[in-house]
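Letter by letter, the chains look like this.
Protein chains: 2
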Amino acid sequence: MDTLMKVFDKAIESRLDRRCTFVALGGGVIGDMCGYAAASFLRGVNFIQIPTTVMAQVDSSVGGKTGINHRLGKNLIGAFYQPQCVLIDTDTLNTLPDRELASGLAEVIKYGLIRDAPFFEWQEKNMQALMSRDADAFAYAIKRSCENKAEVVSQDEREGGLRATLNLGHTFWSLLFWVQAIETSYGYGHWLHGEAVAAGTVMAVDMSYRLGWIDESIVKRVNSILKQAKLPTTPPEMMTVDMFKSVMAVDKKVADGLLRLILLKGPLGNCVFTGDYDRKALDETLLAFSKS
Amino acid sequence: MDTLMKVFDKAIESRLDRRCTFVALGGGVIGDMCGYAAASFLRGVNFIQIPTTVMAQVDSSVGGKTGINHRLGKNLIGAFYQPQCVLIDTDTLNTLPDRELASGLAEVIKYGLIRDAPFFEWQEKNMQALMSRDADAFAYAIKRSCENKAEVVSQDEREGGLRATLNLGHTFWSLLFWVQAIETSYGYGHWLHGEAVAAGTVMAVDMSYRLGWIDESIVKRVNSILKQAKLPTTPPEMMTVDMFKSVMAVDKKVADGLLRLILLKGPLGNCVFTGDYDRKALDETLLAFSKS
Chain A
1 MDTLMKVFDK
11 AIESRLDRRC
21 TFVALGGGVI
31 GDMCGYAAAS
41 FLRGVNFIQI
51 PTTVMAQVDS
61 SVGGKTGINH
71 RLGKNLIGAF
81 YQPQCVLIDT
91 DTLNTLPDRE
101 LASGLAEVIK
111 YGLIRDAPFF
121 EWQEKNMQAL
131 MSRDADAFAY
141 AIKRSCENKA
151 EVVSQDEREG
161 GLRATLNLGH
171 TFWSLLFWVQ
181 AIETSYGYGH
191 WLHGEAVAAG
201 TVMAVDMSYR
211 LGWIDESIVK
221 RVNSILKQAK
231 LPTTPPEMMT
241 VDMFKSVMAV
251 DKKVADGLLR
261 LILLKGPLGN
271 CVFTGDYDRK
281 ALDETLLAFS
291 KS
Chain B
1 MDTLMKVFDK
11 AIESRLDRRC
21 TFVALGGGVI
31 GDMCGYAAAS
41 FLRGVNFIQI
51 PTTVMAQVDS
61 SVGGKTGINH
71 RLGKNLIGAF
81 YQPQCVLIDT
91 DTLNTLPDRE
101 LASGLAEVIK
111 YGLIRDAPFF
121 EWQEKNMQAL
131 MSRDADAFAY
141 AIKRSCENKA
151 EVVSQDEREG
161 GLRATLNLGH
171 TFWSLLFWVQ
181 AIETSYGYGH
191 WLHGEAVAAG
201 TVMAVDMSYR
211 LGWIDESIVK
221 RVNSILKQAK
231 LPTTPPEMMT
241 VDMFKSVMAV
251 DKKVADGLLR
261 LILLKGPLGN
271 CVFTGDYDRK
281 ALDETLLAFS
291 KS
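Residue numbers (UniProt numbering), protein chains in the order written: chain A, 1 to 292; chain B, 1 to 292.
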């Protein structure tokens, strides 16, 4: 919020008018904040995204979600505001730290899993090229990811249901109080977003398998590709079942029929967003992945 | 901004979710701030306006403009965000100070002048009833004002052109640097918004007459009705021509053809928003209403 106010101060002191354009050059936090500033300054000015991380290029720069973090949680204050243009230059990845690169790949893998089996298969063949920063491989992976996201968002901009499927792996991780728990326990920045998504994806896949909704081969392939991408496949060791339940409000939400999860169902590339599942499978998954 | 943050803090601490509704009970500042909070919290939640001043009832609660003030100016940070409902109870006016009441009437008078001659004529006959807070008269005045504003806004929500005509009287007053000048010279709250609008309206009418665009009778009727409403018909005494020109950036903007003004033209109830006028008339009006 302090940084946002600095943006407003500068814009006002520079006497920018409605014809100005805000340009976000950086990662997801910069893009989200700059987009919210553009949405709010004079009630909306032009906005261009130039994302410089894999995560921002394949996910946060597309779809119009903008916002700033609050000390009590992420993504609580913001606006839906579409940029006039998203400009992606893969050369910006040349200086991106390895761990940031891998974190972004967690979202790339997600698109294949939830809606694009051929893309997942392409990734299985090209993960080493991606990990060695092959420019052509990255150009393709980013393009397909953006297309997947754009297709979903164009059908459901305000997240009525379909857009929620983009949160695969997130449900175990990104609920307000859960993020709080990780951040409180671990301190900010201990886990990158994509790392949490990766571990959450493994848990969602595990639960889908326990429900009998997917073949074991998918479980193996997901674990294998995440390991190739050097991403975690289990949550932080300190997490206990009780911490999960408390943070996800599992007991209350399941009782109220409100704990809808994104799970895989059927052949590779298919998912559902549902609260209609056997509670036992959820308990077993939580137990399998955390201290009792 | 500090108050806005307190609203967010409270909403987050109370664990409000997307199904919550923000209710703005108060004047224009409360409605604008609460609306912006509703637009931004979780990227948009339900919002209801219950305006309690004439100004808020006839103007700011209708049309979806929300926002907060910045120390360098008003209306610079905000969003276009429509309430689900605007609930107006004229009983709230019973305890409104006289000066606030009159300030709101400046906007009521404006609607008649720019687009609704029968409404202006009704006001001429009923101004004493309004000043004595007659409930029936107020109900009618507020209803007609909201209808007028809603008609304009529904045709031009984002202020491409038509909506700008609602700024009659404002162009002389509300440009960023002008508001700054008044606030710097006078201190916040010395003039109410409607008082500035009234004096600005007289100046716009004077200039329209100098251009030969309206009859002298309209000038007299405007002065007369504003005086009945106990509203100022001249700007603050300390204003000089140079202050006007500097604040409105008159010289540069006229040279660039950018100083478009809302002026009356033709029979009562007709206005134009134009930069195509004789510069001499503007100079004469500035000179007539301020120190040289």
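The set of hints was computed from the structure by calculation and includes no laboratory data. Treat the hints with caution; some may be incorrect.
Note that identical chains are pooled: a pair holds if it fits in a single copy or bridges any two copies.
Stated by the list, open to error - With a Cα cut of at most 35 Å, we get these calculated DSBU-like pairs of lysine-lysine:
#, residue 1, residue 2
1, 227, 10
2, 265, 10
3, 291, 10
4, 245, 6
Going through the hints against the structure:
1. 227 to 10: neither (45 Å within a copy, 42 Å between copies)
2. 265 to 10: neither (50 Å within a copy, 39 Å between copies)
3. 291 to 10: So residue 291 and residue 10 pass the 35 Å test across copies only (34 Å; inside, 49 Å).
4. 245 to 6: between (39 Å within a copy, 29 Å between copies)
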